[in-house]
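With the sequences and hints as input, model every part of the structure.
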Amino acid sequence: MTTLTATLPSPQRIAPVADHQLIASERARALLAGNGLTSLEAVFDCGDPLPGARETFGNRHPNRGVVHTTLHGDGTSLRVFIKKQWRHERWIPRWNELWDGTAFLAMPAREWRGLNLLRAIGLDTAEPLALFTGGRFSARAAIVTCAVPAERDLLEMIEAGHLDRLPAADRQGLAQEIAVVIQRIHGAGYGWRSLKPKHLFPLRQSDGRWRIWLIDCETVQTRPTPKQALRERRRFLEQLAELGVSADFRETISRNLSQETSKS
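Using the numbering used here, read the sequence shown as starting at 1174 and increasing by one per residue.
To be clear, the hints were calculated from the coordinates, so they are not data collected in a lab. Quick reminder that beta carbons are idealized off the backbone N, C-alpha and C, glycines included. Just to be clear, a hint being listed does not mean it is correct.
Quick list of the computed label-pair ranges, beta carbon to beta carbon [as the list claims (entries may be wrong)]:
id, residue 1, residue 2, range
1, Gly-1362, Arg-1267, 14 to 24 Å
2, Gly-1248, Ser-1419, 22 to 32 Å
3, Ser-1367, Glu-1332, 12 to 22 Å
4, Gln-1432, Gly-1381, 13 to 23 Å
5, Arg-1407, Thr-1242, 36 to 46 Å
6, Lys-1369, Pro-1322, 14 to 24 Å
7, Arg-1357, Ala-1333, 25 to 35 Å
8, Ala-1361, Ser-1212, 32 to 42 Å
9, Ser-1198, Gly-1248, 13 to 23 Å
10, Asp-1343, Glu-1214, 44 to 54 Å
11, Glu-1424, Gly-1248, 46 to 56 Å
12, His-1335, Arg-1407, 38 to 48 Å
Right, dumping it as structure tokens:
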């Protein structure tokens, strides 16, 4: 997989100013420029609807949506997703947004921040290439991210029966890696209100180990409440139970979370 990210501006220092760009690297800048994506307006005019059911999911909010496209350059092709926001959905922030310092950031800016926070602690995420903001109070914004290598998210694996068909050793390894990812987030002092199966993209490596890519990271919080980690873990396990995931898979996650917590 081609990696275009270099040293990024601190995700904690995204100011809600108008007509602003953050580009991950000079290679990313050249790739975007080669495909005509040099401004917020150009990015807004780019992209195709997501296929199938994902089109409905990606555009379920009235003021924002998701499209995809392929960028070409240097003899390679790179599939990317573009999250766009036309206007703020509300002007009165929630208390946790004020507490966390994200109250007046557009959702694409929050996504940029969240992705880079998680990448900084060693987690795999959709690779952020660029953030464009503009308009009064930066109400219009777009983020460009690379598609992750994994084709299916955990929810799709469950609903298609793929998880149940995995060999026992692979299921156990995947459950253990899920626990590692969750504990790494919470161990860093972060919360992630979007901790859901549909945001985890597992991929088995040639050596039998699993890697998990994370998407939709705009709800990452750097100042979660004391009980938030426990609540997020409990809700994640409840979602797996509601989806009919086996008790042994859920127990492996829970047991490994307890072990990882005791180490930290």
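Going down the list of hints, with the structure as the test:
no.	hint	in the structure
1	Gly-1362 x Arg-1267: 14 to 24 Å	20 Å, holds
2	Gly-1248 x Ser-1419: 22 to 32 Å	45 Å, violated
3	Ser-1367 x Glu-1332: 12 to 22 Å	19 Å, holds
4	Gln-1432 x Gly-1381: 13 to 23 Å	20 Å, holds
5	Arg-1407 x Thr-1242: 36 to 46 Å	38 Å, holds
6	Lys-1369 x Pro-1322: 14 to 24 Å	20 Å, holds
7	Arg-1357 x Ala-1333: 25 to 35 Å	27 Å, holds
8	Ala-1361 x Ser-1212: 32 to 42 Å	35 Å, holds
9	Ser-1198 x Gly-1248: 13 to 23 Å	18 Å, holds
10	Asp-1343 x Glu-1214: 44 to 54 Å	46 Å, holds
11	Glu-1424 x Gly-1248: 46 to 56 Å	48 Å, holds
12	His-1335 x Arg-1407: 38 to 48 Å	25 Å, violated
The structure fails to meet hints 2, 12 from the earlier list, while all remaining hints are met.
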